[in-house]
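Turn these sequences into a full structure, and let the hints steer you where they fit.
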Amino acid sequence: MRSIAMGAGLLLSLTAPAWADRVAPLTDPVTLKACGECHMAFQPDFLPARSWARMMDSLDNHFGESAAMAPDKVAHIRRVLEEGAADRVGGKVADRFLRWVAPGGTPQRITENPAFLRKHDFPAREWARAEVKTKSNCPACHKRAERGDYEED
0 MRSIAMGAGL
10 LLSLTAPAWA
20 DRVAPLTDPV
30 TLKACGECHM
40 AFQPDFLPAR
50 SWARMMDSLD
60 NHFGESAAMA
70 PDKVAHIRRV
80 LEEGAADRVG
90 GKVADRFLRW
100 VAPGGTPQRI
110 TENPAFLRKH
120 DFPAREWARA
130 EVKTKSNCPA
140 CHKRAERGDY
150 EED
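Counting from 1, position 140 in the sequence shown corresponds to residue 139 in numbering that gives the first Met the number 0; the numbering is continuous, with no gaps.
Treat the hints as calculated values from the structure; they're not laboratory data.
Virtual Cβ for every residue (Gly too), placed ideally from N, Cα, C.
Hints are not guaranteed to be accurate.
Pairs of lysine-lysine residues, derived as DSBU-like cross-links and limited to a Cα-Cα distance of at most 30 Å, are as follows [said to hold, decoys possible]:
1) LYS134 / LYS91
2) LYS132 / LYS142
3) LYS132 / LYS118
4) LYS32 / LYS132
5) LYS32 / LYS118
6) LYS91 / LYS32
7) LYS118 / LYS72
8) LYS32 / LYS142
9) LYS142 / LYS91
10) LYS118 / LYS91
11) LYS118 / LYS134
12) LYS142 / LYS72
13) LYS134 / LYS32
14) LYS72 / LYS32
15) LYS142 / LYS118
16) LYS134 / LYS72
Using C-beta positions, here's what the derived DEER-type ranges look like [claimed, not checked]:
17) GLU151 / PRO70: 14 to 22 Å
18) ARG124 / PRO102: 24 to 32 Å
19) GLY35 / THR105: 20 to 28 Å
Dropping the structure here:
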């Protein structure tokens with residue numbers, strides 16, 4: 000078992016091997032640029048293909064904001080996300096996230112998945128820290144998140 004300190008002294012104990020919290024990095028430049036304008040471009044491993052399709056179909060209201068873009072760009076990003084989706088590529092992280100998705104379910108928020116919530120069961124003060132601000136700001140705690148490495152730093 001390995002322990003690390005995080006934030007204001009929160010102590011985490013991790014028992015999973017180092018490779019358990021890694022996914023394939025998102026490398027497509029179009030997707031990285033378009034999605035990365037507002038937030039970290041999430042690896043598709045965290046949602047099933049049908050979730051990514053639903054998200055790409057509703058870019059006019061993307062979590063309360065318009066993320067509308069040209070149809071050819073939408074088609075390209077949709078293809079990247081769906082081809083790399085959890086139910087298409089599998090793997091330990093993808094399988095852990097999919098285990099909690101209802102058959103036919105189309106979750107939109109990675110941060111509402113029970114697998115995420117179990118690993119991120121922190122006091123509210125941790126989420127309120129200035130460098131964190133939101134549960135979807137993975138790089139605040141996982142410095143290599145954009146490379147698909149979610150091991151704690």
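Evaluated hints:
no.: 1; hint: LYS134 / LYS91; verdict: holds, 21 Å
no.: 2; hint: LYS132 / LYS142; verdict: holds, 15 Å
no.: 3; hint: LYS132 / LYS118; verdict: holds, 18 Å
no.: 4; hint: LYS32 / LYS132; verdict: holds, 22 Å
no.: 5; hint: LYS32 / LYS118; verdict: holds, 28 Å
no.: 6; hint: LYS91 / LYS32; verdict: holds, 27 Å
no.: 7; hint: LYS118 / LYS72; verdict: violated, 34 Å
no.: 8; hint: LYS32 / LYS142; verdict: holds, 19 Å
no.: 9; hint: LYS142 / LYS91; verdict: holds, 20 Å
no.: 10; hint: LYS118 / LYS91; verdict: holds, 14 Å
no.: 11; hint: LYS118 / LYS134; verdict: holds, 12 Å
no.: 12; hint: LYS142 / LYS72; verdict: holds, 28 Å
no.: 13; hint: LYS134 / LYS32; verdict: holds, 21 Å
no.: 14; hint: LYS72 / LYS32; verdict: holds, 11 Å
no.: 15; hint: LYS142 / LYS118; verdict: holds, 17 Å
no.: 16; hint: LYS134 / LYS72; verdict: holds, 27 Å
no.: 17; hint: GLU151 / PRO70: 14 to 22 Å; verdict: violated, 40 Å
no.: 18; hint: ARG124 / PRO102: 24 to 32 Å; verdict: violated, 37 Å
no.: 19; hint: GLY35 / THR105: 20 to 28 Å; verdict: holds, 23 Å
Of the numbered hints listed earlier, those contradicted by the structure are 7, 17, 18.
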